[in-house]
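Colleague: Each chain is listed here by its residues.
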Amino acid sequence: SQTIHQWPATLVQPVGSPLSLECTVEGTSNPNLYWYRQAAGRGLQLLFYSIGIDQISSEVPQNLSASRPQDRQFILSSKKLLLSDSGFYLCAWGAGPYEQYFGPGTRLTVT
Amino acid sequence: EDQVTQSPEALRLQEGESSSLNCSYTVSGLRGLFWYRQDPGKGPEFLFTLYSAGEEKEKERLKATLTKKESFLHITAPKPEDSATYLCAVQAGANDMRFGAGTRLTVKP
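Note that the protein sequences, when read in sequence, are chains G and V.
Count the first sequence with the working numbering and you get residues 2 to 112, in order.
Count the second sequence with the working numbering and you get residues 11 to 119, in order.
Be careful, since some hints might not be right.
Unchecked claim - Here are a few chain G residues that sit away from chain V, every Cβ distance over 10 Å (derived from the structure):
| # | residue |
| --- | --- |
| 1 | S21 |
| 2 | N33 |
| 3 | L45 |
| 4 | I54 |
| 5 | D55 |
| 6 | S79 |
As the list claims (entries may be wrong) - Have a look at the derived ranges for each label pair, beta carbon to beta carbon:
| # | chain 1 | residue 1 | chain 2 | residue 2 | range |
| --- | --- | --- | --- | --- | --- |
| 7 | G | E27 | V | R41 | 25 to 31 Å |
| 8 | V | Q24 | G | L83 | 39 to 45 Å |
| 9 | V | R71 | G | S18 | 29 to 35 Å |
| 10 | V | S38 | G | G53 | 24 to 30 Å |
| 11 | V | E27 | G | G53 | 29 to 35 Å |
| 12 | G | V13 | V | S30 | 37 to 43 Å |
| 13 | G | Q71 | V | P119 | 43 to 49 Å |
| 14 | V | E68 | G | G53 | 31 to 37 Å |
| 15 | V | G39 | G | T112 | 38 to 44 Å |
| 16 | G | H6 | V | E70 | 26 to 32 Å |
| 17 | V | E11 | G | G53 | 38 to 44 Å |
| 18 | V | G39 | G | A40 | 44 to 50 Å |
For the record, the hints were derived by calculation from the structure and aren't laboratory data.
Here a beta-carbon is modelled for each residue, glycine too, at the ideal position from N, C-alpha and C.
Go ahead and model the full structure; you've got the sequences and the hints to work with.
Modeller: Given below as structure tokens:
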């Protein structure tokens, strides 16, 4: 069966510091991978998606970036965090244009 | 613009009191409508996919239905463990999934 991991689970970072969140998927090959952000009381906002290694599409212009160095690894990064980057970050995988399966999430607080 | 609206924002039920959650959508070329359950501090858990009007799916006390403009998640005789936020999403493009803000359900014993 497929499993998706995210780490860290929680993170507190000062404004202006760098960020690296990691997501890995087990039990499937060549998955579509997604990064979402969920603000309190709001729906999920798609940030990036990837259909293959080094193939990244950005949905929302911002100071975040994503990379996919391996088939089942997806990384979300920032060089300098803003207060507005605080939120719950979710990684998901999917097999084509069908349902997506989510990881446990990372709670990021920028202070 | 593609849009997903869920109502009510919050719903409080007594154990055993059946009700329905609504998800209305406007999208050109619906490829699928999805329901998820999300517990506090956790990632969404997939429940159902519906592809065409008239389709229904069931799982335990939950039943999802779909029309051309909206979907309902019916909860029959809910239990306290059904308390969660229920999210609706629509797939408009190949990698374009739009989520509603969710309905926060509380079931009191």
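Colleague: It remains to establish, for every hint, whether it holds in the given structure.
Modeller: Hints, one by one, checked against the model:
1. S21: Given a closest Cβ separation of 19 Å, the condition holds.
2. N33: 7 Å, violated
3. L45: 4 Å, violated
4. I54: Holds, since 16 Å exceeds 10 Å.
5. D55: 16 Å, holds
6. S79: 21 Å, holds
7. G:E27 to V:R41: 25 to 31 Å: Check passed, 27 Å falls within 25 to 31 Å.
8. V:Q24 to G:L83: 39 to 45 Å: Roughly 44 Å apart at Cβ, these two residues keep to the hinted range, so it holds.
9. V:R71 to G:S18: 29 to 35 Å: Taking Cβ atoms as reference, R71 (chain V) and S18 (chain G) lie about 45 Å apart, which means the hint is violated.
10. V:S38 to G:G53: 24 to 30 Å: 27 Å, holds
11. V:E27 to G:G53: 29 to 35 Å: Given about 48 Å between the Cβ atoms, the range is violated.
12. G:V13 to V:S30: 37 to 43 Å: 40 Å, holds
13. G:Q71 to V:P119: 43 to 49 Å: 47 Å, holds
14. V:E68 to G:G53: 31 to 37 Å: Between E68 (chain V) and G53 (chain G), where Cβ atoms are some 36 Å apart, the hint holds.
15. V:G39 to G:T112: 38 to 44 Å: Because 43 Å falls inside the window, the suggested range holds.
16. G:H6 to V:E70: 26 to 32 Å: 27 Å, holds
17. V:E11 to G:G53: 38 to 44 Å: 28 Å, violated
18. V:G39 to G:A40: 44 to 50 Å: Given a distance of about 28 Å, which is not inside 44 to 50 Å, the answer is violated.
Going down the numbered hints, you'll see the structure goes against 2, 3, 9, 11, 17, 18, while the others check out.
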